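Chemist: Sequences listed follow chains A and B, in order.
Heads up: the first sequence begins at 0 in numbering that gives the first Met the number 0, then just goes up one per residue.
Heads up: the second sequence begins at 0 in numbering that gives the first Met the number 0, then just goes up one per residue.
Derived from the structure by calculation, the hints contain no laboratory data.
It should be emphasised that the depicted structure is a prediction, and the values quoted were computed from it without experimental measurement.
Among the hints, erroneous ones may be present.
What the hints assert, rightly or not - Ranges between beta-carbon positions, derived for each pair: (1) A:L366 - B:L89: 57 to 63 Å; (2) B:S87 - A:T388: 55 to 61 Å; (3) B:L21 - A:A363: 32 to 38 Å; (4) B:F172 - A:A363: 22 to 28 Å; (5) B:Q192 - A:R131: 53 to 59 Å; (6) A:R368 - B:G126: 35 to 41 Å; (7) B:G126 - A:D234: 32 to 38 Å; (8) A:T388 - B:L21: 54 to 60 Å; (9) A:N299 - B:V197: 39 to 45 Å.
Cβ coordinates follow ideal geometry from the N, Cα and C atoms, glycine included.
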Amino acid sequence: MRLRGLLLFAALPLAGFGNPAGDVLRRQITESAPGAVLNVPAGDYAGLFVIEKPLHLIGAPGAILRGDGTGNVVTIRAADVELAGFLVRGSGRSLSDDNAAIHISGARAVIRDNRVLDMLHGIYVRKADGCRILRNVVLGDSASRETIDDPLRSGLNPADAASGEFCAEPLSQDRRGNGIHLWNSSGHLIEGNIIRGTRDGVYFSFTKKTVVRGNRVERVRYGLHYMYSDDNEFDGNTFTENAAGAALMFSKRLVLRGNRFVSNRSQRAYGLLLQAIDDTRIESNRIEGNTLGLYIENSNNLSISKNRVAGNYVGLRLSDSTQGARIFENDFSGNIHPIDTSGTNSANVWAAAGRGNHWDGEVALDLNRDGIADVPHHEPDLFGGWRRTFPAIGLLSASPGEQLVRFIHRRIALPGIPGVTDPRPLIRANEVAR
Amino acid sequence: MSARPIPSFLQVARAAARREWLSHRLNRFLHAHVLLLVAAGFLPLLTPGEGLMSGAGYWILHAVLYAVSLSALLLGLSSAHAEAEEFSWLIGQPAGIGPWLAGKAAALALLVSTSASLLIVPAAVAGGGSRELLLVGAGAAGVSGVCALAGLAVGFWVRDGVRGLIATIALWFAALFGTDLLLLGIAGVPVLQQHPDVWVLPLMANPLDAFRVTVLFSAERAAFSGLDAGRLAGWWVTHAAVWLGAVVSSWLLAAAVAAWLGARRRTDG
Chain A
0 MRLRGLLLFA ALPLAGFGNP AGDVLRRQIT ESAPGAVLNV PAGDYAGLFV IEKPLHLIGA
60 PGAILRGDGT GNVVTIRAAD VELAGFLVRG SGRSLSDDNA AIHISGARAV IRDNRVLDML
120 HGIYVRKADG CRILRNVVLG DSASRETIDD PLRSGLNPAD AASGEFCAEP LSQDRRGNGI
180 HLWNSSGHLI EGNIIRGTRD GVYFSFTKKT VVRGNRVERV RYGLHYMYSD DNEFDGNTFT
240 ENAAGAALMF SKRLVLRGNR FVSNRSQRAY GLLLQAIDDT RIESNRIEGN TLGLYIENSN
300 NLSISKNRVA GNYVGLRLSD STQGARIFEN DFSGNIHPID TSGTNSANVW AAAGRGNHWD
360 GEVALDLNRD GIADVPHHEP DLFGGWRRTF PAIGLLSASP GEQLVRFIHR RIALPGIPGV
420 TDPRPLIRAN EVAR
Chain B
0 MSARPIPSFL QVARAAARRE WLSHRLNRFL HAHVLLLVAA GFLPLLTPGE GLMSGAGYWI
60 LHAVLYAVSL SALLLGLSSA HAEAEEFSWL IGQPAGIGPW LAGKAAALAL LVSTSASLLI
120 VPAAVAGGGS RELLLVGAGA AGVSGVCALA GLAVGFWVRD GVRGLIATIA LWFAALFGTD
180 LLLLGIAGVP VLQQHPDVWV LPLMANPLDA FRVTVLFSAE RAAFSGLDAG RLAGWWVTHA
240 AVWLGAVVSS WLLAAAVAAW LGARRRTDG
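Using the sequences plus the hints, can you model the full thing?
Modeler: Structure follows, in structure tokens:
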């Protein structure tokens, strides 16, 4: 039974001395019947708060749940709890304890329309399924960019992911947590949240069958930090101005559709990094203005289509360890280096159903006007492996000499130069990709 | 009756500069150059919407590399050859060749550099104005000035019209493609891979490459992934604008000296 609008709360913020409002709220949480609706008026409620039964805690504008700098401000241990409309602040800062503003271990929690700040982690879900995290704003301590190491070398540690103890390893000076942290759970909906200035934006590990839709993550370290999580869908999210971009590893059967990975421009930043990702669809995303737009390594059976890969320093880095990728109907425009590859990438195909990709700057013949160029497109990677062994080669980027050799290679495929061949290049960019 | 005093350096230089300005009013190369600048300046407006702010520099970079640099070289060449018929009279003047050349070179460099502002005016008026665009414009002005004085020097060294044209175009190809292709060709040499700073030096010394690196990594802020490429490369990328100023100044001076030597050679001949 749901009891609506307990009027007692109208007088809460003014009652008694010490931290009476918080005490009264705690008592009400304890005494309310399961399923009750507690409408909490504006006021400053000193925490911490633990919810161990199904409840709907609805904050009026101006309602603040304030922690004392230790532990979690709100701990949700029961299923079917709703927390909405609050400003939640003041969690502990213990990385080893995974302190959070809102810590959830009960299934089907609904966390919506809250504003979260002054915390370690924002919203932390641990072994709880079916949560709905909607329209929250999570603000970390800093929106400043950092110089960080290459995530492939040091930032992401699979061993830590396996143990679930992600927070013990990062940079010692970094005392920030993640915006939304999901571990060992499934079936969530994460929609319409704004995350800014935390350590990582959305953190996934061992989390399955979750939909992440319409969120905006900016000015964090990794916009998306993701491992060992299968069958998830990312739709219409924006990851921008992050130090290292979005990194997905060791997962299967994902769908990434209509997302924007833009302006992740630090020295080691990626728009979207995929490592050991299998059976995944990546379509209609915009990957623009990043240091390295799309990085794919050691992945199998990817379908990469209708994406716009534009204005990146390197558009697509595709390792030879990746197999079975079908790359078609994408638009490669304005990248200083469209392709970075160490070989010929013969294990992947650059056209499907008779349609390849659009490559800007290509002067292609289309005598029968079917929208498909009459001759294959050779996209060379002149610098190839030198980028790793001799990084100074990057200073020749977009140089006339490099452009000249690329121009020649596109027409006659000079021997000994790594690159890819698109057998059915498109004359115009796919409308969806554009 | 007393002899008239020899005019001072400044007087001759000023007169030569004024003459350069007046003669360029009728110079078809200058008219073509200005038209080219105007056309190139409007190119960034083809970039839609918010892309204008970030795309203008890239357009202007390509315009300068592939068109404006050659045009400025030819303008300098034509300026040198314009005095072909009067050369004997000019160098016979008592003030000597130095002040005359200084005035001519200064006027030419000023004319070309100032007109380079046409590259950025349309983008700035259309709302794409920024410090980065100003940096690109300043770099384009400097590179244009260097090319004009280089053309002037070629013109004084190679007095024949056709040969001068061939030499100028050869110089342009060498500056535009030569350094890059050479460095690309030798990038795999083990000794150079161990000493990347040596490999980087010729690139830094080329004003066209210095301008490209400045636009890409300072103005456009393309995220260069090779900052650990070596101390010199790292310094260059992080101080590209400073280096461009230094290298342009050096080349302006070197081109002026080369022009002076070329003009003197004619005197001796």
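Chemist: Can you tell me whether the CB distance of T388 of chain A to L21 of chain B sits inside 54 to 60 Å?
Modeler: 57 Å, holds
Chemist: With 55 to 61 Å as the target window, see if S87 of chain B and T388 of chain A comply at their CB atoms.
Modeler: Given range 55 to 61 Å: holds, Cβ gap about 59 Å.
Chemist: Taking the Cβ atom of L21 of chain B and the Cβ atom of A363 of chain A, is their distance within the range 32 to 38 Å?
Modeler: Violated: the Cβ-Cβ distance is about 50 Å, outside 32 to 38 Å.
Chemist: Quick check on a hinted range of 32 to 38 Å for G126 of chain B and D234 of chain A, using CB atoms only.
Modeler: Given range 32 to 38 Å: holds, Cβ gap about 33 Å.
Chemist: Is the distance from the Cβ of F172 of chain B to the Cβ of A363 of chain A consistent with 22 to 28 Å?
Modeler: The hinted range 22 to 28 Å holds for F172 of chain B and A363 of chain A, with Cβ atoms some 27 Å apart.
Chemist: Do the Cβ positions of R368 of chain A and G126 of chain B conform to the proposed distance bound of 35 to 41 Å?
Modeler: 38 Å, holds
Chemist: Does the Cβ pair L366 of chain A, L89 of chain B satisfy 57 to 63 Å?
Modeler: Holds: the Cβ-Cβ distance is about 60 Å, inside 57 to 63 Å.
Chemist: Go ahead and decide if the range 53 to 59 Å is satisfied by the Cβ distance of Q192 of chain B to R131 of chain A.
Modeler: Distance hint for Q192 of chain B, R131 of chain A holds at roughly 55 Å.
Chemist: Within 39 to 45 Å: is that where the Cβ-Cβ distance between N299 of chain A and V197 of chain B falls?
Modeler: 43 Å, holds
In terms of the numbered hints stated before, the structure departs from hint 3 and from no other.
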